[in-house]
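Engineer: Residues per chain are reported as follows:
There are 2 protein chains.
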Amino acid sequence: MDECGSYPRRTTLPWVVGVTQVLGLTSVVLTGVWMGRYRGGFAWDGSAKEFNLHPLCMVLGLVFLQGDAILVYRVFRNEPKRNVKLLHGGIHLFALIFTIVGIVAVFDFHRASKIPDMYSLHSWCGIATVVLFCIQWVLGLMFFLFPVASAWLRATYLPLHVFCGVVLLVMAIGSCLLGITEKLLFSIMSTYSQFTAEGVLANCLGVVLVCFGVLMVFIITNDDYRRPPHPEEEALSVHFKTLTEGASSPTP
Amino acid sequence: MDECGSYPRRTTLPWVVGVTQVLGLTSVVLTGVWMGRYRGGFAWDGSAKEFNLHPLCMVLGLVFLQGDAILVYRVFRNEPKRNVKLLHGGIHLFALIFTIVGIVAVFDFHRASKIPDMYSLHSWCGIATVVLFCIQWVLGLMFFLFPVASAWLRATYLPLHVFCGVVLLVMAIGSCLLGITEKLLFSIMSTYSQFTAEGVLANCLGVVLVCFGVLMVFIITNDDYRRPPHPEEEALSVHFKTLTEGASSPTP
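Which chain is which? The protein sequence lines are A and B, in order.
Note that full-length UniProt numbering numbers the first sequence so that position 151 is 151, with each residue one more than the last.
Note that full-length UniProt numbering numbers the second sequence so that position 93 is 93, with each residue one more than the last.
Hints were generated in silico from the structure; no laboratory data involved.
Small disclaimer: the values here were computed from a predicted structure and weren't measured.
There may be inaccurate statements among the hints.
A pair counts as met if it fits within one copy or between any two copies, since identical chains are not told apart.
[As the list claims (entries may be wrong)] Here are the simulated SDA-like pairs of lysine to any residue, each with C-alpha atoms no more than 25 Å apart in a straight line:
id, residue 1, residue 2
1, K114, V101
2, K85, R74
3, K183, L132
4, K114, V200
Input sequences plus hints: build the corresponding full structure.
Structural biologist: Structure, rendered in structure tokens:
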């Protein structure tokens, strides 16, 4: 009964993951269309075209790739854990690279246009997300890919790592929504209320990002989609159990 | 060892709940000071003073009270479940009343000032949150307070009710952050970048709301803070177990 009860939900995993990918790619495409079609395109010359790389890189890196890096533990549930860990860290590395390019683009544009930095709520939330994302990436690397921490420390840190990962994804999406609102009011304040195409497109981008976030959190927090225990990992996890009785399972 | 392992975390519950209350009350006070001190105060006359009731009511109702309504299952962990349910529904009723007053205030102000409705990302996210909040409240009432649904249906709906509750709280906070950004850019766009007192105060309000949300989600998702099984409820839950083998515990 237990297996029968959870079987139908397990089979929905490819479908819900598929929907997240459609939503994630749609958000990247909508950002590209918004910046490319309505804001003049992209360049690396200190102009507004360099700023346009900022939203594209943040949506691609800090939202879509960060989300996919988390999802690998659900999608590759039957692959060896070491490989999945490497993929998780690898996608996060790409996410980090796009994030850094996006951050450099906006600071470079501000410097060239003599616009003050870090005064808005978007910038406060955004920079907090980026700094915490970097810390989370370095700690994750040290704790789970390189044998720096003890087994006890790893098992203790794991639930916090998972919680912070979800919080960071939600904070990244929240920061993007603030950025969308800021950009629209800076660019089309006088026509925004007339439901112009650019405003509606950017609003739709925001809605797609919210749907992506809700579905991602649903997948991550749903026990039926969790990685099942594997025999060879079970043998290893005995150490965890002995050392940390009462701690959560070391499978994120 | 199991009990010892979780005991220190359990004792932290009053402290983390205390911090959420300080953060929640601070957010309400900061909103009141922002609207009262910098935006001319409050009235019910269709003017900007009526609009000022909108942020105050939304932060108080849809964030602070909604959060507290969820928290009662953790704070009153040893009270009879029926009483806790009534308190949960009752606080949500107050949250709903403040939310409706806040929504009426902004639509009334828009009508009096001939400002179009529902064109911004803040309004799209906000109205989605309010509509879903109303649906969630009515369904919660029907499923858990009045004997409309079968035990099987209640046990099946419970995890979705809990998930949607957390999503709605996060969406409410996200909508508030969008509203803060919108209000600041409408009111002080030319001086916002000079770190004026009003801008910094409103940014701090945003940061307090984010901290409130993160801590609330931490408490809600932490197994150690969950309501322990009670003997008299265990007897009742046998029905649930028999009917829904493999389903989650009916304790939110």
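Engineer: Within, between, both or neither: how does the pair K114, V101 come out at a Cα-Cα threshold of 25 Å?
Structural biologist: Answer is within: at 20 Å inside a copy they meet the 25 Å cutoff, but 43 Å across does not.
Engineer: How would you classify K85 and R74 at a CA-CA limit of 25 Å: within, between, both, or neither?
Structural biologist: Intra 12 Å, inter 34 Å, cutoff 25 Å: intra-copy only.
Engineer: If the cut is 25 Å between Cα atoms, do K114 and V200 qualify within a copy, between copies, both or neither?
Structural biologist: between (30 Å within a copy, 20 Å between copies)
Engineer: What label fits K183 with L132 when the C-alpha limit is 25 Å: within, between, both, or neither?
Structural biologist: within (24 Å within a copy, 27 Å between copies)
Checked against the numbered hints above, the structure breaks none of them.
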